[in-house]
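Protein chains in written order, with the working numbering: chain A, 18 to 131; chain B, 2 to 111.
Be a bit skeptical, because a hint or two may be false.
[Stated by the list, open to error] Taking lysine to aspartate or glutamate and the DMTMM-like style, the derived pairs with C-alpha atoms no more than 20 Å apart in a straight line are:
no.: 1; chain 1: A; residue 1: 59; chain 2: B; residue 2: 57
no.: 2; chain 1: B; residue 1: 2; chain 2: A; residue 2: 73
no.: 3; chain 1: B; residue 1: 103; chain 2: B; residue 2: 18
no.: 4; chain 1: A; residue 1: 74; chain 2: B; residue 2: 4
no.: 5; chain 1: A; residue 1: 59; chain 2: B; residue 2: 16
no.: 6; chain 1: A; residue 1: 59; chain 2: B; residue 2: 40
no.: 7; chain 1: B; residue 1: 43; chain 2: A; residue 2: 103
no.: 8; chain 1: B; residue 1: 2; chain 2: A; residue 2: 61
no.: 9; chain 1: B; residue 1: 43; chain 2: A; residue 2: 18
no.: 10; chain 1: A; residue 1: 119; chain 2: A; residue 2: 20
no.: 11; chain 1: B; residue 1: 69; chain 2: A; residue 2: 118
no.: 12; chain 1: B; residue 1: 43; chain 2: A; residue 2: 20
no.: 13; chain 1: B; residue 1: 103; chain 2: A; residue 2: 61
no.: 14; chain 1: A; residue 1: 119; chain 2: B; residue 2: 57
no.: 15; chain 1: B; residue 1: 2; chain 2: A; residue 2: 76
no.: 16; chain 1: B; residue 1: 43; chain 2: A; residue 2: 73
What the hints contain is simulated information worked out from the structure, not anything from laboratory work.
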Amino acid sequence: EPEVTQTPSHQVTQMGQEVILRCVPISNHLYFYWYRQILGQKVEFLVSFYNNEISEKSEIFDDQFSVERPDGSNFTLKIRSTKLEDSAMYFCASSDYRANEKLFFGSGTQLSVL
Amino acid sequence: KQEVTQIPAALSVPEGENLVLNCSFTDSAIYNLQWFRQDPGKGLTSLLLIQSSQREQTSGRLNASLDKSSGRSTLYIAASQPGDSATYLCAVTGNTPLVFGKGTRLSVIA
């Protein structure tokens, strides 16, 4: 079965550093998402992306965050200057031809900001 | 603003027992509801998706029901097994992207 892949599985960084989290969505999917889960808390929506632009973003997704689809397969989340509170599991997801239809999630990147 | 609540927060049952996990949501204007499974430190595996026009969906030993008007869904797991031990998340989507509950942590004891 096709799956969403995310790299790296773990990322440790120093506060203030830039990080890029990478995702390869399912190949025929058109909608892409980033979610995050702080330890012990709910999974929270960050941003959705369609047709090479952001379609929706949450209050969490401020100017420190950006997303990009640099080629036909990768989808990235960049955090410009990491803060301690950015430590979380970041999940990428994709869905096919309709927004918010069945989402397929990757296995996540655990980001630790020291 | 959509809020999703899951009860109980944790549940421990002996192997073979049938069990029900509950999910409630505050805004009944949803497109669909999904149940996910999350293993510790892992990603989210979609178990069942119920469209807003549907009442239930079944997959193997899992059955999910939806009562949109009352803002409730249940996930029924038949003949539970130790391998079912995980956190089960409920999530709804409507005019907003998926909104998740905090999950029910299930332990099935052999």
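Hint-by-hint comparison with the structure:
| no. | hint | result |
| --- | --- | --- |
| 1 | 59/A <-> 57/B | 25 Å, violated |
| 2 | 2/B <-> 73/A | 15 Å, holds |
| 3 | 103/B <-> 18/B | 23 Å, violated |
| 4 | 74/A <-> 4/B | 18 Å, holds |
| 5 | 59/A <-> 16/B | 28 Å, violated |
| 6 | 59/A <-> 40/B | 14 Å, holds |
| 7 | 43/B <-> 103/A | 18 Å, holds |
| 8 | 2/B <-> 61/A | 14 Å, holds |
| 9 | 43/B <-> 18/A | 18 Å, holds |
| 10 | 119/A <-> 20/A | 13 Å, holds |
| 11 | 69/B <-> 118/A | 17 Å, holds |
| 12 | 43/B <-> 20/A | 14 Å, holds |
| 13 | 103/B <-> 61/A | 10 Å, holds |
| 14 | 119/A <-> 57/B | 16 Å, holds |
| 15 | 2/B <-> 76/A | 13 Å, holds |
| 16 | 43/B <-> 73/A | 26 Å, violated |
Of the numbered hints given earlier, the model fails hints 1, 3, 5, 16; all others are met.
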